[in-house]
Amino acid sequence: MDFFLQLLVNGVCVGLLYGISAMGFVMIFKASSVLNFAHGELLALGAFFFLSLVTWGKIPIAASFLLTLAGCFILGFLIEKFFLRPLIGEKLIFVIMLTVGLSAMFKGLILLIWGGNLHTYPEFLPPSLEIHLGSIYIAPVYSATLVISVIFLVLFGLFFKKSSQGIFMRSVADNQKAALSLGVHVRRVFALSWAIAAMVACMSGIVLGIINGVNVHDLSAIGLKVFPVVILGGLDSIGGAIIGGIIIGLLETFTGGYLSPSLRDVVPYIVLVFILMVKPYGLFGLVEIERV
Amino acid sequence: MGDILLQLNNISVVYSNVIQVLKGVSLTVERGHIVSLLGSNGAGKTTTLKAISGLLKPENGEVTDGDIICNGVNIQNQAPEFITRQGIIQVLEGRQPFKYLTIEENLRVGTATRPGKPYKQDLELVYHYFPALVQRKKALAGYCSGGELQMLVIGRALMAHPQLLMLDEPSLGLAPLVVQEIFRIIRKINEEHATTIVLVEQNANMALQVAHYGYVMENGKIVMEGTSQELSDNPDVKEFYLGMAASGVTKSYKDVKAYRRRKRWL
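Respectively, the protein sequence lines represent chains S and B.
Here the first sequence is numbered in the numbering used here, starting from 25 and rising by one per residue.
Here the second sequence is numbered in the numbering used here, starting from 19 and rising by one per residue.
Heads up, some of the hints might be wrong.
With beta-carbon atoms standing in for the labels, derived distance ranges [as the list claims (entries may be wrong)]:
(1) LEU195/B - VAL124/S: 55 to 65 Å
(2) PHE106/S - PRO133/B: 22 to 32 Å
(3) ASN92/B - PHE106/S: 23 to 33 Å
Think about it this way: if two alpha-carbon atoms lie no more than 25 Å apart in a straight line, the pair counts; the simulated SDA-like pairs of lysine to any residue are [said to hold, decoys possible]:
(4) LYS138/B - GLU210/B
(5) LYS206/B - GLN220/B
(6) LYS105/S - GLU99/B
(7) LYS303/S - VAL291/S
(8) LYS135/B - GLU122/B
(9) LYS156/B - GLU199/B
(10) LYS105/S - GLN189/S
(11) LYS117/B - ILE267/S
(12) LYS186/S - GLU99/B
(13) LYS201/S - ASN78/B
(14) LYS201/S - PHE100/B
(15) LYS186/S - LEU158/B
(16) LYS75/B - ASN237/B
(17) LYS54/S - LYS156/B
(18) LYS131/S - PHE251/S
(19) LYS186/S - ASP260/S
(20) LYS115/S - TYR33/B
(21) LYS156/B - ASP260/S
(22) LYS201/S - LYS155/B
Calculated directly from the structure, the hints in this document are not laboratory data.
Quantities reported herein were computed from a predicted structural model and do not represent experimental measurements.
Yeah, the Cβ is synthetic: ideal placement off N, Cα and C, and Gly gets one too.
If we strip away everything but chain S, and leave its shape as in the complex, we get (with noise of 0.2 Å):
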C-alpha cells in the first residue's frame, strides 16, 4: 500500500511537469495549428541554460531559475519571428517541416556546447522540502515540482480567463477571422503563444534535469512525450493537457514500479492506442459546438 501511494505521488508529479510541458505544445496548436516537433529541444534548451548560469555563472539559484525563464521567453519570441513569421501563409505542412529542422538545429547546437555527456546540477534544493506524510517519503524535488507546477496552472488559469491578453488569444484560436475583424493583432497572439510555450518548456527542462540529470538525448526525448499526452488529452484542449500529462505520468510510474523499468516508456504508448480506439478526440478534444 505505501508503495502504492509512494508511486501515486511521484506519478503525479512527474505527471504534471509533462502536462504543463504539453500545454506549451497545445497552445502554439491552438493558436496557428502548428505541430511544434523541436518541443523537446526547447525544453533541453532550457535546462541547459539553467546549468549554465547555475555552475558557470555561479548565479544564485532563485535568480537563475527566473533568468531562464525570461531569456526561454525572449528566445520562443525570435523563433517566431524569425524562423516561423516568413512563412505565414505557406502549407502548414512547410511550416511542420520547419520546426523539424529546428529541432535538429538546438540539437547540434547544443552539442556543439555542451556535448553529449550526462550533466547534474548541483544539490541545491533545501532538505526542508522532504515531506514525511505517514510512511509516505516526497523527495525535495517531487515537493518542488508540485509547488511549481500549481503555481503555474493557477498563473495561466488566471491569465487565460481574466487579462485581456489572455482573451485575445482564446479569440484567436477561436475564429481567427472574427478577431482580425475587431483589430486583434494576430500575429502578436502567435508570437506569445511561442513565447510562453518555450517558457513552461523550459521550466519543465528544468525541473526533469534536477529529477534524471541533464542529457540533451534524455531531455529531448521526454520532450517527445507531449506526443502522448496532449493526443490522450485532446490536441486542442488546454486542461487535457495537464490530465493528459497526470495519466502518462502515473502509467510510467506504476509501470517502472510494478513490471519493470524497462517498459515505463512503451506502456504509456500502448494505452495511448487504446484510448484512442474509443476516443479518437482524445479524452478531453473540443466537442465541436454545432448551431444549424
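Since the structure of chain S is provided, determine the placement of chain B on it from the hints.
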C-alpha cells in the same frame, strides 16, 4: 454634401490575381449617416466591405486600382490591425462569435484596438442597448440563439468605439420581430452616438427604412444610387428588391426578361 467620412474612388478588387470581383466601385459615406448597400448575391457587397476593412488579404484578395480614403487617410490594402485602429469595424456576415468564449469575454475582445484601457463603461453601454445579453453574460456564445448572437457581434463591435460600423447582413436568418428589434437598435446607435453605419442587406425593405442613402450593386459595379426615398420610389428597385410589381399586376416571366434587358442600361 456634408462632411465626408469615407470615400471609395473607382476601386477594383481581384482575388488570387485572376478573379475580378469589383470593377470600379465609387461611393461616399457622409459622417453620421446610415448608408445601405443593396444588391443580389454575388454583386460584390461583402467584397466592398472587406476591401474597406482590410479583410481581403487573408482571403488572397487585393485592391488593384483606385483608392479608399477614410478621414483623409489612405487605407486601401492596409492590414486590418491598422484599419480597425482608424475606427473602422466590420461585423462579419453569419455572426461569427467566439464560440468557446462567454458572452462577456466575446465583448472584451472588442477592446483589442485599445488594450489596457478601461472597458467597464462600454460593457454597461452594450448591456443597455442589448438587455437580452445581461442574463447570458456567463454563457458560452456557442450555446446562444441566433438573435442573441447578432446582438452580441454588434455589441462586440461597439466595444471598439467605431466611427464607422459596417454591418454585413444583420438580418440573416432571424425572425421578423428580432430583425425589427435589431434595426431599431441600429438606428438608435446611429442617433445617440453619431456612429456612421454602412449596412449591407438582402432585406431591402428594412434597410431602406433606416438608411439615409443607398447604393445598388450589380456584378461588381454600382448601378444606382440615391436617398432612401428616391430608391424606394424607383420602379426597378420596387420591383426587384422590394418585391412589388410596379403596376400591381401579377408578374409573368416575360416581364422579368424585360427587366434583364433594362438592367444593362443602368
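Hints, one by one, checked against the model:
{"no.": "1", "hint": "LEU195/B - VAL124/S: 55 to 65 Å", "result": "holds, 56 Å"}
{"no.": "2", "hint": "PHE106/S - PRO133/B: 22 to 32 Å", "result": "holds, 25 Å"}
{"no.": "3", "hint": "ASN92/B - PHE106/S: 23 to 33 Å", "result": "holds, 31 Å"}
{"no.": "4", "hint": "LYS138/B - GLU210/B", "result": "holds, 19 Å"}
{"no.": "5", "hint": "LYS206/B - GLN220/B", "result": "holds, 21 Å"}
{"no.": "6", "hint": "LYS105/S - GLU99/B", "result": "holds, 18 Å"}
{"no.": "7", "hint": "LYS303/S - VAL291/S", "result": "holds, 18 Å"}
{"no.": "8", "hint": "LYS135/B - GLU122/B", "result": "holds, 16 Å"}
{"no.": "9", "hint": "LYS156/B - GLU199/B", "result": "holds, 23 Å"}
{"no.": "10", "hint": "LYS105/S - GLN189/S", "result": "holds, 19 Å"}
{"no.": "11", "hint": "LYS117/B - ILE267/S", "result": "holds, 23 Å"}
{"no.": "12", "hint": "LYS186/S - GLU99/B", "result": "holds, 23 Å"}
{"no.": "13", "hint": "LYS201/S - ASN78/B", "result": "holds, 13 Å"}
{"no.": "14", "hint": "LYS201/S - PHE100/B", "result": "holds, 15 Å"}
{"no.": "15", "hint": "LYS186/S - LEU158/B", "result": "holds, 15 Å"}
{"no.": "16", "hint": "LYS75/B - ASN237/B", "result": "holds, 21 Å"}
{"no.": "17", "hint": "LYS54/S - LYS156/B", "result": "holds, 23 Å"}
{"no.": "18", "hint": "LYS131/S - PHE251/S", "result": "holds, 19 Å"}
{"no.": "19", "hint": "LYS186/S - ASP260/S", "result": "holds, 20 Å"}
{"no.": "20", "hint": "LYS115/S - TYR33/B", "result": "holds, 18 Å"}
{"no.": "21", "hint": "LYS156/B - ASP260/S", "result": "holds, 22 Å"}
{"no.": "22", "hint": "LYS201/S - LYS155/B", "result": "holds, 22 Å"}
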